[in-house]
Structures are given as C-alpha cells and as structure tokens.
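Given the structure of chain A, go ahead and fit chain B onto it with the hints provided.
There are 2 protein chains.
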Amino acid sequence: MNTTGQTRKEEIIITATKLFKEKGYSAVTMRDLAKAVNIRAASLYNHIDSKQDILKTIIISLAEEFTRGMETIKSSEAVTIDKLRAIVALHVNITIQNTYGMASLNNDWMHLEDQLEHYLALRKTYEQDFIEIIQSGIDAQEIRNANPEIIMFSILTTLRSLYLWLPKKEDLNRQELAKNLGDVLINGINHHRTTD
Amino acid sequence: MNTTGQTRKEEIIITATKLFKEKGYSAVTMRDLAKAVNIRAASLYNHIDSKQDILKTIIISLAEEFTRGMETIKSSEAVTIDKLRAIVALHVNITIQNTYGMASLNNDWMHLEDQLEHYLALRKTYEQDFIEIIQSGIDAQEIRNANPEIIMFSILTTLRSLYLWLPKKEDLNRQELAKNLGDVLINGINHHRTTD
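If you read the sequences in order, they're chains A and B. The first sequence finishes on residue 196 if you use UniProt numbering, and the numbering steps up by one all the way, no holes. The second sequence finishes on residue 196 if you use UniProt numbering, and the numbering steps up by one all the way, no holes.
Only chain A is shown next, with the shape it has when bound in the complex (with noise of 0.2 Å):
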C-alpha cells in the first residue's frame, strides 16, 4: 500500500484508467503506464498480467456494478417514477466516483477480447430490465403512453454521457444533479403542460 492506501495493482489500474481516457486504448503502450507509474516495464507484470487484463477490470467491474444497482432497483418495491430516479442516481454516483472509467465503458468496450460476449451480454440485460421497468410503469398508468423504447434511448444516452458533461461542472452536487436531471427526464421542461 502507498501513502493514500491504494494497493499498487489499484494505483496501476487508475493511472491506466486516464492514460487511455487521454490517449485512447489502443495508443497506450505498457511501456507509457510503466512510466505514468514510475515502476520498471518488467515489475509492471508482477501486479498485472496485460493491458487486456486492466480493460476486463475496468469495464467489466463498472458494467457489473450497474448491473448490481439495476437489480436492487428492479426487485424493490417502489414505484416505477422512484424507480426512474434512482437509476438517474445510479449513474449519476458511478460517474462522479469513475469519470475515467466510464469513458473506457463509453469509447473502448470494443477492445474487449474474451470478455466481449460477458459485457454485452451485461449491457442487453440491463437494457431489458430499463424496459421492463418503464412499460410497466406504463401498465399501471404511471409513465405516459409513449412508445418505450424511444424513452428508454433518450433517459439512457443522457445518462450515458454524463462523464463528458460532470468535469466541467464540478460546482453541481450529486444530490442536486440526481434531482434536477431526474426532474427534466421525468417530469419534461413543459411548465404548463395539462396531465393527460
């Protein structure tokens, strides 16, 4: 452990983690991370086996722990509009704590090797359980009947490209962010519109 308790596998994992935000994956050599981590190439491979192995556990460690959150959510008993809101949250708090790794999960998920199958495979059951929540929010005549799939693309790129839009934005709390995007996704900007 070093002075911020971080083991060196950890600190190694998060320096990969803006080296391939910065540079894209493909271009970060081993030899780049040796460096951003002042240790020798060869004693890198004693903490890791690959730049393959840091991507898994990137991506696969974030996509599960969304598949986590999603599945609490699902199995609570809330209805479907605080289900809504605490998906925002979900992203919202796994950004701000993760903003590197979330745009390794957005821009190199394609780099996976074999764990390619195992994250999307994560992500078509995360989607499905995103629409099933809304259309039987639907059902109960909780959300508006709007076809489900267009809600789901729109709350889900949103949410998907938060870590572009948090970094600039670091005066927002998450309490408030979480509320106020979950109202404008929810509730629209309408100010007068009539329920219907």
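Hints were generated in silico from the structure; no laboratory data involved. By construction, the Cβ of each residue, glycine as well, lies at the ideal position given by its N, Cα and C atoms. Incorrect hints may have been included.
Unchecked claim - Covered stretches of chain A, as calculated for chain B (at least 3 residues, CB under 8 Å):
| hint | segment |
| --- | --- |
| 1 | 146 to 153 |
| 2 | 181 to 191 |
Unchecked claim - Computed Cβ-Cβ distance ranges for the label pairs, DEER-style:
| hint | chain 1 | residue 1 | chain 2 | residue 2 | range |
| --- | --- | --- | --- | --- | --- |
| 3 | B | Leu116 | A | Leu120 | 39 to 47 Å |
| 4 | B | Glu64 | A | Val79 | 40 to 48 Å |
| 5 | B | Gln141 | A | Ser50 | 27 to 35 Å |
Stated by the list, open to error - DSS-like, lysine-lysine: derived pairs with alpha carbons at most 27 Å apart:
| hint | chain 1 | residue 1 | chain 2 | residue 2 |
| --- | --- | --- | --- | --- |
| 6 | A | Lys23 | A | Lys35 |
| 7 | B | Lys35 | B | Lys9 |
| 8 | A | Lys51 | A | Lys124 |
| 9 | B | Lys56 | A | Lys23 |
| 10 | A | Lys51 | B | Lys21 |
| 11 | A | Lys169 | B | Lys124 |
| 12 | B | Lys21 | A | Lys124 |
| 13 | A | Lys56 | B | Lys21 |
| 14 | A | Lys51 | A | Lys169 |
| 15 | A | Lys23 | B | Lys124 |
| 16 | A | Lys35 | A | Lys51 |
| 17 | B | Lys23 | A | Lys124 |
| 18 | A | Lys21 | B | Lys23 |
| 19 | B | Lys35 | B | Lys18 |
| 20 | B | Lys168 | B | Lys21 |
| 21 | B | Lys21 | B | Lys9 |
| 22 | B | Lys18 | A | Lys23 |
| 23 | B | Lys169 | B | Lys179 |
| 24 | B | Lys169 | A | Lys21 |
| 25 | A | Lys74 | A | Lys21 |
| 26 | B | Lys74 | B | Lys51 |
| 27 | B | Lys23 | A | Lys18 |
| 28 | A | Lys23 | B | Lys21 |
| 29 | B | Lys124 | B | Lys51 |
| 30 | A | Lys21 | B | Lys21 |
| 31 | A | Lys21 | B | Lys18 |
| 32 | B | Lys56 | B | Lys35 |
| 33 | B | Lys168 | A | Lys124 |
| 34 | A | Lys74 | A | Lys168 |
| 35 | B | Lys179 | A | Lys168 |
| 36 | B | Lys51 | B | Lys23 |
| 37 | A | Lys21 | B | Lys51 |
| 38 | A | Lys21 | B | Lys56 |
| 39 | A | Lys51 | B | Lys23 |
| 40 | A | Lys23 | B | Lys168 |
Same frame as chain A, now just chain B:
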C-alpha cells in the same frame, strides 16, 4: 454525373463518409478510398485535394446546416415549446438524411485541421442559441424553472446520439419520431405530473 445523378465528387464524398464510419478517419487511406470508388488513386486527386478536404466538406457542411436551421428557428415568432420541437425535428431530419455524416461529425471532428476553430465556433454559437431559447422560455414561464444547462445537456445529448440509434429503427417514420421524441423530451414521461 453517374446514373444516380451524383457528380463524381459527391460519390467520392459519400463513399468516404461510409469508410470513415466503418474504420475511423485515421485508419482510412486515399488508396482505400480509390479502391472503394473504383478509380485510380491518381485520378482521385482530380476531384479532391486530400482526406482532410473530404472531412472538412462533410463536417463543416453539416455544422452549417445546423447553424442555418438554428438561425431560422431562433428568429421565428414561435413560442419556446414550438422552437424546441423544431430543434428536435432539425436533428431528426439531418440525421435521417445523412447518418454516416453524423457519425463523422460526432467521432471525427477533432481530426479537423485548419477548420477546427471554425467548427468549434459554430458549435459554441449553436449551444449558446439553444441556452438562450431555453432561458427565454423560463422567463416567459413556458419552461419550468430548472437549470438551463441541465435541460440543454439532456436534450442535446439525446439528439446528438440519434445517429447511433436511428439505423436500428427503420420502421419509424420521421414525423412520428420527431413528434414522439419531442413529447418525451419536452413533456416528460410522468403520467400524473401536475403542472407547477
């Protein structure tokens, strides 16, 4: 002109746009492009100066199309909600017309050379106009009093991601999509929302 009425230059640009989408701008060579258009590499230069020349044509012409659209919307007499609906329709129409070009705009703009600043200026003005429309809607109590930047972020990231999502949805017609997406973005999805 060939049988579809395109000039050779137009044909080259359309083919390049597809290649950029498939392989990424950096990976495409003039040789790849010549092969794809079925022309000798040397002859390619009778029609275009460089790969950069093509990228410029694709991105700047799209950015200028958005700018013209925004100027028309901004200067119209419509109420804010209708201006926002017109912005949604502008994105849907341009994206349906040129999905590959929108991929280039989103993924390759940073490869622009002498036109990079011009592009960034157009984008900045577009976002400022967008914020002003939202702000004047808030002032007129047409739009709920939420953070205008969160509103713009939420709407614009959805609209900017349309190129990823539209090709999978060929069954949706564009008026219907613009209408439904506008409803979701402006009126939200909450069935029971009371006006405030």
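Results for each hint:
1. 146 to 153: Since three or more residues must qualify, the claim that chain B covers the segment 146 to 153 of chain A holds, with 6 doing so at under 8 Å.
2. 181 to 191: holds (count 10)
3. B:Leu116 - A:Leu120: 39 to 47 Å: Given a distance of about 34 Å, which is not inside 39 to 47 Å, the answer is violated.
4. B:Glu64 - A:Val79: 40 to 48 Å: holds (46 Å)
5. B:Gln141 - A:Ser50: 27 to 35 Å: violated (58 Å)
6. A:Lys23 - A:Lys35: holds (15 Å)
7. B:Lys35 - B:Lys9: holds (15 Å)
8. A:Lys51 - A:Lys124: holds (25 Å)
9. B:Lys56 - A:Lys23: Roughly 23 Å between the alpha carbons, so the hint for Lys56 of chain B and Lys23 of chain A holds.
10. A:Lys51 - B:Lys21: holds (26 Å)
11. A:Lys169 - B:Lys124: holds (17 Å)
12. B:Lys21 - A:Lys124: holds (23 Å)
13. A:Lys56 - B:Lys21: holds (25 Å)
14. A:Lys51 - A:Lys169: Violated. Lys51 of chain A to Lys169 of chain A sits at ~31 Å, over the 27 Å cutoff.
15. A:Lys23 - B:Lys124: Answer holds: Lys23 of chain A to Lys124 of chain B is near 24 Å, not above 27 Å.
16. A:Lys35 - A:Lys51: Within the cut-off at roughly 14 Å; holds.
17. B:Lys23 - A:Lys124: The hint holds at about 24 Å.
18. A:Lys21 - B:Lys23: OK: Lys21 of chain A and Lys23 of chain B at ~20 Å, within 27 Å.
19. B:Lys35 - B:Lys18: This hinted pair holds, its Cα atoms lying about 13 Å apart.
20. B:Lys168 - B:Lys21: holds (16 Å)
21. B:Lys21 - B:Lys9: Satisfied, since the Cα-Cα distance of roughly 18 Å is no more than 27 Å.
22. B:Lys18 - A:Lys23: holds (24 Å)
23. B:Lys169 - B:Lys179: Holds, at about 15 Å.
24. B:Lys169 - A:Lys21: Given pair Lys169 of chain B, Lys21 of chain A is violated - Cα atoms ~31 Å apart, limit 27 Å.
25. A:Lys74 - A:Lys21: Violated, because 32 Å separates the two Cα atoms, which is more than 27 Å.
26. B:Lys74 - B:Lys51: violated (34 Å)
27. B:Lys23 - A:Lys18: Since the Cα atoms of Lys23 of chain B and Lys18 of chain A sit roughly 24 Å apart, the hinted pair holds (cutoff 27 Å).
28. A:Lys23 - B:Lys21: holds (20 Å)
29. B:Lys124 - B:Lys51: Distance ~25 Å between Lys124 of chain B and Lys51 of chain B Cα, so the pair holds.
30. A:Lys21 - B:Lys21: Given that 27 Å is the threshold and the Cα spacing comes to 21 Å, the pair holds.
31. A:Lys21 - B:Lys18: Answer holds: Lys21 of chain A to Lys18 of chain B is near 26 Å, not above 27 Å.
32. B:Lys56 - B:Lys35: holds (21 Å)
33. B:Lys168 - A:Lys124: Answer holds: Lys168 of chain B to Lys124 of chain A is near 15 Å, not above 27 Å.
34. A:Lys74 - A:Lys168: violated (31 Å)
35. B:Lys179 - A:Lys168: Measuring from Cα to Cα gives roughly 31 Å; hence the hint is violated.
36. B:Lys51 - B:Lys23: holds (14 Å)
37. A:Lys21 - B:Lys51: Holds, because 26 Å separates the two Cα atoms, which is no more than 27 Å.
38. A:Lys21 - B:Lys56: Distance ~25 Å between Lys21 of chain A and Lys56 of chain B Cα, so the pair holds.
39. A:Lys51 - B:Lys23: holds (22 Å)
40. A:Lys23 - B:Lys168: violated (30 Å)
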